[in-house]
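Sequence order for the protein chains is A and B. The working numbering applies: residue 1 is where the first sequence begins, and numbers increase by one. The working numbering applies: residue 279 is where the second sequence begins, and numbers increase by one.
No wet-lab data here; the hints were simulated from the structure. A hint or two may mislead.
[Said to hold, decoys possible] Now the stretches of chain A that chain B is said to cover, found in silico as 3 or more residues with beta-carbon under 8 Å: (1) 100-110; (2) 132-145.
[Unchecked claim] Residues of chain A placed beyond 10 Å of chain B at every Cβ, according to the derived structure: (3) D62; (4) V63; (5) V64; (6) C69; (7) V150; (8) F152; (9) G154; (10) L167; (11) D215; (12) G240; (13) F248; (14) T251; (15) E258; (16) S277; (17) R278.
Even for Gly, the Cβ is constructed at its ideal location relative to N, Cα and C.
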Amino acid sequence: MGKVWLAVLLAALGLAPGRALAQGCGDDDSGSSDSCPVTWSYDDDDDSSGSSEEEVCVETSDVVGLQRCRRFGRGWDVTGVPALRLSLAGNARRARVGHLSFRGQAEHHNETHALGDAGRDLHDADLLTGGLTARLDLTIFDYLSVGGEVSFAGASVSGAPRTDGALVHTPTSVSFLGGGLVLGAGIPVDVFTIRPELFLGGRAVLLSSETRVGDCVESTLSDTAEWVVEPRIAVEWFVGPWTGLSVFVGTNVLVPGEVNAGVQLSLHARSYDAAPSR
Amino acid sequence: MRASKGRLAVCASFLAAAWLVGCGGGYGGMVSEPGALRLSDACLDLEVTPRPFDAGLPRPMPVLGLRIGNRCAHPVAVDLRALEVTADVGGRLAPLRPYDPRGELGAGLLDGRATMEERIAWEPPVTAEHVSRVCVRFGGAPACLDLEG
């Protein structure tokens, strides 16, 4: 039941793990599999909306009340402007995959081979991954925040080639596609903000393998998904009123020993997150 | 060795971008124009500068450029309607009211370390034919500004 919800969550974030993505050797039916009708359209309408003339307002005065194009307060009055924060982070994660089971399919010579890999069979079940995280947060009630996050990370792996009948497969890399909700608080201290946070989400874990049947070699993906609950602590340094640089560290409580740390650059729609005091 | 140099370059670019973006804004103090009036309160610096008369105004009235900088790191409400502006009319201080035919003047919120600028005409009483000196009260005692010379 939990996996169903996780699949729905990841699908909503556009991160749903697909089935095996191997393109089979000798797959010659690509031309006949196109069942979607194509509708060709041509832009032969001369007075399309793109060519409409836009009126450009020409300002005639700088004095309030005489200005044609601008209203008083425009450009500085932030009443009603939400305290949004857009962030991009580079992070390193000590990820553990030993408890995972990957499922996928490989196609060779128009034959489908089921793949089942256990994370514990990898030579490195404790991985050091590098990745990127993007997130958008909204500060609410002055000191609390709620946001969404998507992340990608990857690492090379190795493992002994496994033979399953005629199929030989060798793991090559693991990728993580994650997404979820981040709840947090911001405690302003001078030009710093201390942020205790909680990430609630999930991730798709994709194991890339090289599969081989005879002389036919393919790159094949098998996948699985899991929940992530990660308390974090971050310290943001406002290098400018609208820009912050953070360091953060967190641990996934569902996978003991998994640690995530990184550096994050944030752009703020409101200076210093619009905290009423600092 | 080559990979570590690449990572170093990425980190350096990241920090440089942060520094450039971060130092690109934020009010840190005002460099006053010559002849400007400078007033301050707990968070805000106000600079009042005489500006030329605008031919679009219905009658002669002083035009003042108002520039406000927020020294605090939190938003501050700014209400220019509450600004006390008076004119020296025959030795007596007569209150001026902001020229606001569209009723757009109102309270606004100025973000922390942000600045704002507005140019407002101030209507003298109909009995005042000519205003050569205005006084502005912003928190403390009023300070005056000669509009000519």
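Structure-based check of all given hints:
no., hint, in the structure
1, 100-110, "violated (count 0)"
2, 132-145, "violated (count 0)"
3, D62, "4 Å, violated"
4, V63, "5 Å, violated"
5, V64, "5 Å, violated"
6, C69, "13 Å, holds"
7, V150, "19 Å, holds"
8, F152, "16 Å, holds"
9, G154, "15 Å, holds"
10, L167, "33 Å, holds"
11, D215, "33 Å, holds"
12, G240, "3 Å, violated"
13, F248, "15 Å, holds"
14, T251, "24 Å, holds"
15, E258, "22 Å, holds"
16, S277, "6 Å, violated"
17, R278, "4 Å, violated"
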